[in-house]
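So you can see what is in the structure, the chains are spelled out below.
Number of protein chains: 2
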Amino acid sequence: MPISEDTFFLDTRFKGTLQSQIQQMVAEGILSGQFKPGDRLPSSRRLAAHLGVARITVTLAYTELLADDYLRSEGRSGYFVSENAPQPSHFPAPPPSTDSVDWTRTLTGRDPVAALHRKPAQWRDYRYPFIYGQADHRLFDHKNWRACALRALGTRELDALTNDYDDRDDDQLVEYIARHILPRRGIQAGPEEVLITLGAQNGLWLAAQVLLTQRRTAAIEAPCYPGLRDILHQTRCQLEPVTVDAQGLPPEGLPETTDVAFVTPSHQCPTNATMPLHRRKELLKAANEQDFLIVEDDYEFELSFLGAPHPALKSLDTEGRVIYAGSFSKSLFPGLRLGFLVGAKPFIAEARALRATVLRHPPGLMQRTTAHFLRLGHYAAQIRRMRRAYAARRETMLTALKTHGLMVEGQGDFGGSSVWMRAPEGIDSAALAKRLAPRSVLIEPGHGFFADTAPCPFYRLAYSSIPSELIPKGIEILAQTIAEMQSA
Amino acid sequence: MPISEDTFFLDTRFKGTLQSQIQQMVAEGILSGQFKPGDRLPSSRRLAAHLGVARITVTLAYTELLADDYLRSEGRSGYFVSENAPQPSHFPAPPPSTDSVDWTRTLTGRDPVAALHRKPAQWRDYRYPFIYGQADHRLFDHKNWRACALRALGTRELDALTNDYDDRDDDQLVEYIARHILPRRGIQAGPEEVLITLGAQNGLWLAAQVLLTQRRTAAIEAPCYPGLRDILHQTRCQLEPVTVDAQGLPPEGLPETTDVAFVTPSHQCPTNATMPLHRRKELLKAANEQDFLIVEDDYEFELSFLGAPHPALKSLDTEGRVIYAGSFSKSLFPGLRLGFLVGAKPFIAEARALRATVLRHPPGLMQRTTAHFLRLGHYAAQIRRMRRAYAARRETMLTALKTHGLMVEGQGDFGGSSVWMRAPEGIDSAALAKRLAPRSVLIEPGHGFFADTAPCPFYRLAYSSIPSELIPKGIEILAQTIAEMQSA
Chain A
1 MPISEDTFFL
11 DTRFKGTLQS
21 QIQQMVAEGI
31 LSGQFKPGDR
41 LPSSRRLAAH
51 LGVARITVTL
61 AYTELLADDY
71 LRSEGRSGYF
81 VSENAPQPSH
91 FPAPPPSTDS
101 VDWTRTLTGR
111 DPVAALHRKP
121 AQWRDYRYPF
131 IYGQADHRLF
141 DHKNWRACAL
151 RALGTRELDA
161 LTNDYDDRDD
171 DQLVEYIARH
181 ILPRRGIQAG
191 PEEVLITLGA
201 QNGLWLAAQV
211 LLTQRRTAAI
221 EAPCYPGLRD
231 ILHQTRCQLE
241 PVTVDAQGLP
251 PEGLPETTDV
261 AFVTPSHQCP
271 TNATMPLHRR
281 KELLKAANEQ
291 DFLIVEDDYE
301 FELSFLGAPH
311 PALKSLDTEG
321 RVIYAGSFSK
331 SLFPGLRLGF
341 LVGAKPFIAE
351 ARALRATVLR
361 HPPGLMQRTT
371 AHFLRLGHYA
381 AQIRRMRRAY
391 AARRETMLTA
401 LKTHGLMVEG
411 QGDFGGSSVW
421 MRAPEGIDSA
431 ALAKRLAPRS
441 VLIEPGHGFF
451 ADTAPCPFYR
461 LAYSSIPSEL
471 IPKGIEILAQ
481 TIAEMQSA
Chain B
1 MPISEDTFFL
11 DTRFKGTLQS
21 QIQQMVAEGI
31 LSGQFKPGDR
41 LPSSRRLAAH
51 LGVARITVTL
61 AYTELLADDY
71 LRSEGRSGYF
81 VSENAPQPSH
91 FPAPPPSTDS
101 VDWTRTLTGR
111 DPVAALHRKP
121 AQWRDYRYPF
131 IYGQADHRLF
141 DHKNWRACAL
151 RALGTRELDA
161 LTNDYDDRDD
171 DQLVEYIARH
181 ILPRRGIQAG
191 PEEVLITLGA
201 QNGLWLAAQV
211 LLTQRRTAAI
221 EAPCYPGLRD
231 ILHQTRCQLE
241 PVTVDAQGLP
251 PEGLPETTDV
261 AFVTPSHQCP
271 TNATMPLHRR
281 KELLKAANEQ
291 DFLIVEDDYE
301 FELSFLGAPH
311 PALKSLDTEG
321 RVIYAGSFSK
331 SLFPGLRLGF
341 LVGAKPFIAE
351 ARALRATVLR
361 HPPGLMQRTT
371 AHFLRLGHYA
381 AQIRRMRRAY
391 AARRETMLTA
401 LKTHGLMVEG
411 QGDFGGSSVW
421 MRAPEGIDSA
431 ALAKRLAPRS
441 VLIEPGHGFF
451 ADTAPCPFYR
461 LAYSSIPSEL
471 IPKGIEILAQ
481 TIAEMQSA
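Residue numbers (the UniProt record's numbering), protein chains in the order written: chain A, 1 to 488; chain B, 1 to 488.
Hints may be right or wrong, so weigh each one.
Since the list gives no way to pick out one identical chain from another, each pair is judged satisfied if it fits inside one copy or across any two copies.
Straight-line C-alpha distance at most 30 Å; calculated DSS-like pairs for lysine-lysine [to be verified]: (1) 434 to 36; (2) 143 to 15; (3) 345 to 285; (4) 345 to 119; (5) 473 to 285; (6) 473 to 119; (7) 281 to 345.
FYI, nobody ran anything at the bench for these hints, they're computed from the structure.
Every value quoted in this text rests on a predicted model; they were computed, and no experiment measured them.
With the rest of the complex left out, here is chain A (with noise of 0.2 Å):
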């Protein structure tokens, strides 16, 4: 049977070109039975006019599908749907569900997240995204990242991107973070000292489930990342908040009874404060004394613009006390999913074990193209050029809150990529962002950071994903709504 051209019709928000637009049509067609084997379809020409678009990018359509056997051609009668098509399914559709399960009962309810603190998909159609955590394209070195993943798609490189590597890693990646990034921060580490983790969460989950069960004890800061809490909250341990200064954790506020001790000592999470080296001691000490470990998440590692960088509290550790967690999720980008963890063999023994049954590990295209692209030397060169933006946005943005009175509650002294701010008495961060989000004007409520729903102060403007020059609006806007909710 003739497959008539009016069949056919170009959808406008399909993304892709107009030829594999016509390629999957046709597919589609063929794989939901609508077009049968030895159906022909309409001429080039044909459909070409019917589509209004030039002949060539439908006969490069139907070529594609020739090699991919979904039609053939008969010379100059045309193409017809190819006996060896593949074959839709002929199940009969499953009658209605009636669900009986008491999902209430079933579900064990280990993981109770707050939807407070989930991100917002469509933050680009923010005007002014205060946003943590999401890449900038202007800053992200495009062109080479794909470079390097062209190469790991390579011909040469097909086990490494097809391979079921069970519990091992990327060698080549293992290789360059051991004698690369990690003597940066102070630290050495064989590879079996390495572990190539799903991004740091998936790094800190993986050290608090080797390391709590629901009788040992977690100290955590206050405030502190709230995705940790969402972790410590599925072991069932105890949990300890110490609430932190301008100098991070204060070691003495530690309870005796710590088994793991969860820090950001370079730059904490959310207030900025960098740990000073006689804390960091003291904090060492105290583990060493009590017997308690440490994980150390040093996950703005590359941000470190204003001044030399801290060494880790990691390169300090003489007894194999310190776990370290890294991520290239700031410096390259979240959707990368890559990070790492630093520790004593037979943790990251465990940990490895643990990985392989929950996920068996990172995909290989991943983390091999990540090695290449830090191997030739990309890497360095594209963390050199965010610290130079973003030093420039973080002045930007300090004058900016100056000239309009708003409360800076912490700064860093490092750099980073964001400021812990404090709006005036009475005001609630949560609310004010929902009158932020209608002008345009994207910032955190700080609520997520701490352990109560209470109101608060608290919230997080985030200069890495918002060009200077939006700045300085974008910090008006927010002193001028703060200023409406003052005086209503």
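Once you've looked at the hints, dock chain B against the given chain A.
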């Protein structure tokens, strides 16, 4: 200071172009502090002569390094290390570590994984790899995969690549799975009933975590997929193995205490048995009457090439009791790390929250590339090619096994990618595998599929990674080795 060309050596083991090797040597020299800002590089002519490469190769490497600001050029005076080049860190080497942690006591030991069932990394070095679950590059449509990846790496899809998806998935991938993949298994599901996972392993792990506690009971098939036993071990639930027969798991064998039954109805792992329709209905009836849930692992769902595929158990489920786990590891490649869960909305919501806590989301690039590969019809075409090849290999293998009188324990009547074998009385398959390795034959001993570690006559022979023409010789060596062991 001028840098002598003698500093540079080509490494013949280097994987990549000469240009990228030169680029990397210079970048590493700068990042390690060996080359300092202001140092003059050897001229492209001298370095090219020294390394025995074309001068243009050196010039292109230098040009790349210029663009990344590692070098600056001073007209005719040549290339110098840039003053803006990334700087090496100058932390003192940490003191030698004297690990004082009692790791045996400290680690929670939730996940003791038997090294027994780890896959050999160097399997491609074997001439006769009857290995299961690795991709065959001869059947993989690498060209189109690469084209789809290139598109997903394009400027128009930069958001899909770089964004933090938080707990969300790639819309295009979910839509294609719901509209085209699931209907081929007789399953109807909306986007809120689908969750993308990091492969089937991750899907089973999420399901187990969401549904089981140490007070609940999981029924598993005996023998069963070893990774599943690790997963359930980690939940600390009660485990009830139910011995399978030639029709898979007998529903009447399930204990009354069952809360969740993990089954592989379409193709039992590892025996290849297919559960007939009447038994599937009995199983669902038992689940409804005894109020338990079923996790259906349909790991080889694309490989039914002997007659029409059975619809999935999930397609018969009218009460929302079945959770379906699929994977692209067998139909695309395992290094992809992508699979999916299908289940009732409350279940999927909880699994999604847990996934976000554990790893946030599978990398955007892998999801989007797969979506393109599926949409453009390459996937269906590749599966068809694989089915044809597997059908031919299977016939060759069964013929060879018959010729040598080897005992087939389960060959499956649906197709698949392996045959479940039994060695003669008194022969342990682990000992057999050990003898075969130096003869370049790789088989999978059966121990890992059973709960105990007793000597085991069973082994798995897969034909998914070995071409037809090598199968007869591989089977011949296998038969010879068995004969030697019998006469010894």
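These are the hints, each one checked on the structure:
For the identical chains of this complex, residue 434 and residue 36 are neighbours neither inside a copy (53 Å) nor across copies (51 Å), given an alpha-carbon limit of 30 Å. Taking the closest pair of Cα atoms, residue 143 and residue 15 come within 30 Å of each other both inside a single copy (21 Å) and across two copies (21 Å). Taking the shortest alpha-carbon separations for residue 345 and residue 285, only the intra-copy value of 22 Å comes in at or below 30 Å, while the best inter-copy value is 49 Å. For a Cα distance limit of 30 Å, the shortest separation of residue 345 from residue 119 across copies, 21 Å, qualifies, whereas the shortest one inside one copy, 35 Å, does not.
For the identical chains of this complex, residue 473 and residue 285 are neighbours neither inside a copy (48 Å) nor across copies (64 Å), given an alpha-carbon limit of 30 Å. When the C-alpha separation of residue 473 and residue 119 is checked against a cutoff of 30 Å, the pair qualifies only within one copy, where the shortest distance is 23 Å, while the shortest distance between copies is 57 Å. Taking the closest pair of Cα atoms, residue 281 and residue 345 come within 30 Å of each other only inside a single copy of the chain (23 Å); across copies the shortest separation is 50 Å, beyond that limit.
Checked against the numbered hints given earlier, the structure breaks hints 1, 5 and satisfies all the rest.
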